[in-house]
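S.K.: Below are the chains, spelled out letter by letter.
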Amino acid sequence: MDKNRKWRNFFVADSAIIGEGVELGQNTIIEENVVIGKNTYIDCNCVIREGTIIGEDSFVGSNCIIGEYQNDFIYTRKKDNYKLSIGKNALIRSGSIIYSNSTIGDDFQTGHQVTIREESIIGNSVSVGTLSDIQGTCEIGNYVRLHSNVHIGQLSSISDYVWIFPYVVLTNDPTPPSERLIGVKVNSFAVIATGSILLPGVEIGQDALVGAGAVVTKDVSEYMVAVGNPAKEISDVRNIKNRFTGEPAYPWRYHYNKNMPWETSTYDEWYQSLKLN
Amino acid sequence: MDKNRKWRNFFVADSAIIGEGVELGQNTIIEENVVIGKNTYIDCNCVIREGTIIGEDSFVGSNCIIGEYQNDFIYTRKKDNYKLSIGKNALIRSGSIIYSNSTIGDDFQTGHQVTIREESIIGNSVSVGTLSDIQGTCEIGNYVRLHSNVHIGQLSSISDYVWIFPYVVLTNDPTPPSERLIGVKVNSFAVIATGSILLPGVEIGQDALVGAGAVVTKDVSEYMVAVGNPAKEISDVRNIKNRFTGEPAYPWRYHYNKNMPWETSTYDEWYQSLKLN
Amino acid sequence: MDKNRKWRNFFVADSAIIGEGVELGQNTIIEENVVIGKNTYIDCNCVIREGTIIGEDSFVGSNCIIGEYQNDFIYTRKKDNYKLSIGKNALIRSGSIIYSNSTIGDDFQTGHQVTIREESIIGNSVSVGTLSDIQGTCEIGNYVRLHSNVHIGQLSSISDYVWIFPYVVLTNDPTPPSERLIGVKVNSFAVIATGSILLPGVEIGQDALVGAGAVVTKDVSEYMVAVGNPAKEISDVRNIKNRFTGEPAYPWRYHYNKNMPWETSTYDEWYQSLKLN
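These protein sequences, in sequence, are chains A, B and C. Read in order, the letters of the first sequence are residues 12 to 288 in this note's numbering. Read in order, the letters of the second sequence are residues 12 to 288 in this note's numbering. Read in order, the letters of the third sequence are residues 12 to 288 in this note's numbering.
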């Protein structure tokens with residue numbers, strides 16, 4: 012970059028605590044009582060709202076709004092000491108909006124134009140793809156991967172190591188519109204393929220696989236494959252072979268380790284080491 | 012907030028009319044001949060384009076573009092006196108884009124990153140969810156609720172009190188690509204559940220229910236439930252029970268009143284009172 | 012506009028090359044080694060990143076990020092001389108994000124909030140609708156039309172004159188999650204209707220039509236219509252009549268010429284003239 016480039020017109024409230032080595036882009040606004048960990052980079056045109064905490068070594072792309080107002084601000088113009096906490100080493104790509112009053116772990120990643128509403132509890136090493144929309148009041152475990160354009164309705168519960176592919180919707184209203192909502196529960200290691208719809212209250216078993224374009228109206232048992240509209244269980248996941256290797260493709264944790272905690276060993280070795288510790 | 016915080020670098024054209032008590036965020040641009048009603052709040056980094064009217068007591072979140080250029084501007088760089096009119100008490104959440112030359116009633120709400128194109132006629136008390144995309148040249152009645160990521164094709168006609176849930180698409184081209192389009196018509200009190208596709212020219216009857224993931228190729232009669240791909244009418248809505256109460260769930264207007272004009276009474280009492288007046 | 016309106020606070024790096032007649036909006040940032048062709052208009056709040064080339068007579072709407080950082084920047088804070096090249100006469104609507112290291116031809120158009128990732132090779136006269144998400148490492152031919160909210164997975168290959176309608180997803184992982192991906196191939200003049208899902212590795216034949224809401228698990232032959240979940244070939248496209256005229260609707264190139272190279276003649280005349288030259 013030009014040595015002489017001067018970022019201008021950013022605003023940092025007096026009460027904000029900015030760590031060493033933080034860089035701020037042009038026009039960015041850091042509001043009152045924000046805490047930014049050391050070496051974090053906040054790009055141009057961002058708004059980091061009152062009371063937001065962002066951990067060290069993070070990156071926030073241009074045009075993000077972090078700690079977005081909840082409805083009470085809109086009606087009262089007062090912000091009641093809400094907090095958004097995002098762990099260290101986050102990578103929040105440009106155009107994303109994250110509300111106040113959620114808690115997000117370390118090593119969080121988003122794509123672009125993501126929306127995450129209030130009262131979302133999100134674990135460590137979660138990634139959320141471009142245009143995904145987490146409606147808030149939900150729990151998402153560790154090492155969960157949401158691909159692009161996933162919609163997580165309120166009251167959803169997603170365990171660790173779950174994969175959800177593009178255009179999947181987790182719904183919550185059995186007889187819309189109504190006021191008694193019931194969320195979807197997705198258990199560990201389950202995989203929900205592209206364009207599936209999970210109806211209110213269904214539970215997807217551990218290691219189950221929901222095929223592309225399924226409309227899931229009933230629970231899916233662990234290790235089962237469910238496909239179609241309405242979805243039916245048609246097989247055990249352990250019968251599916253990798254098209255290239257001819258080896259079983261599932262449970263995927265024995266065949267896939269990219270960015271997983273067992274990345275440098277195998278799932279079994281890692282799991283044994285956990286038990287020893 | 013800091014008493015000393017000074018918003019800077021906003022631009023207000025001399026010809027704009029700004030009501031009492033209006034607040035403008037940093038970097039916001041108010042172009043020529045804009046009219047902003049009293050007590051309205053326009054947050055940071057917004058562009059309010061020439062000739063836009065926004066009613067009193069409204070809130071426009073950060074990074075919105077209101078009165079966006081139509082194609083003729085892009086080709087001619089001249090803006091031909093277009094007008095966008097938005098009623099009072101609007102709540103337009105951050106990142107939304109609304110074109111010039113539409114008319115929107117009072118008590119309008121949007122989620123984030125919404126797009127509303129030109130020649131949209133939208134009634135009162137309508138809400139449009141995050142990422143929804145209204146393609147313009149369409150009519151939307153009063154008290155219509157579009158949830159997240161709904162796509163309303165051109166020439167759609169949506170009556171009062173309609174609910175449309177996430178990832179529903181209203182299409183308009185029977186033999187794509189072609190130049191003879193025909194819109195979808197959705198009658199009052201109908202409910203279109205998540206992920207349904209309504210094919211060009213279909214009409215959804217009053218109080219009908221289209222189930223999640225349906226592909227609707229033919230008209231659906233009033234009070235009927237249609238599900239599947241292609242969708243078939245399988246039941247009368249009045250046979251569906253609320254899962255928690257065991258009571259009939261439809262017509263929903265007898266069981267749901269949140270933010271509806273009959274919120275403080277019942278639908279029947281409200282309807283009778285209308286007739287008396 | 013006000014004669015006296017002064018755009019302020021834009022930044023242009025010393026090394027950028029700005030053509031005659033270029034206009035820059037308020038707060039826009041033009042980084043190092045950018046090249047902007049003559050008469051191009053870059054609206055407010057844009058970031059045009061290092062090394063981006065945008066052709067003459069183009070329009071870039073507000074809040075766009077053009078030449079967006081790849082992951083290596085995020086981790087190293089160094090930008091390794093990446094280039095994004097966009098041809099002349101582009102129309103990139105507001106809120107769009109285009110990564111560095113892609114190549115895009117002339118007469119390119121986007122809707123709003125589009126994302127185009129790195130290593131996308133895009134031909135001339137392509138349009139990409141609002142909220143569409145091109146994941147990169149893919150090839151898109153000339154005169155391709157992607158409507159709103161289309162998701163193009165990595166390794167996709169799309170030939171000339173293809174139409175893809177809203178909420179279509181081109182996938183690439185046969186046994187998700189895995190690391191051996193295989194893209195979808197769509198041949199010339201094919202039409203993919205709203206909400207279809209194309210599974211990894213399928214090939215859609217020239218002039219084929221995939222119906223709305225189809226889940227395509229196998230190749231579709233040229234001229235065939237495939238519908239349903241899972242999709243089945245049910246007819247020859249040449250049997251489909253235009254609802255209004257009663258004439259055959261396909262192959263569409265004989266009945267539709269808007270913005271096509273045969274706009275001022277017929278497809279056959281144009282095709283013959285090509286052979287003569």
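The hints are simulated quantities; they were obtained by calculation from the structure and are not laboratory data. Any given hint might turn out to be false.
Put simply, identical chains are the same to the list, so a pair is met inside one copy or across any two.
Calculated lysine-lysine pairs in the DSSO-like style (CA-CA distance at most 30 Å, straight line) [what the hints assert, rightly or not]:
(1) K229 <-> K286
(2) K286 <-> K243
(3) K269 <-> K89
(4) K243 <-> K89
(5) K196 <-> K49
(6) K243 <-> K94
(7) K229 <-> K89
(8) K229 <-> K94
(9) K94 <-> K269
(10) K49 <-> K243
These numbers come from a predicted model, not from an experiment.
S.K.: Which hint numbers doesn't this structure obey?
M.R.: Going through the list in order, the structure violates hints 1, 2, 4, 5, 6, 7, 8 and 10 and respects the others.
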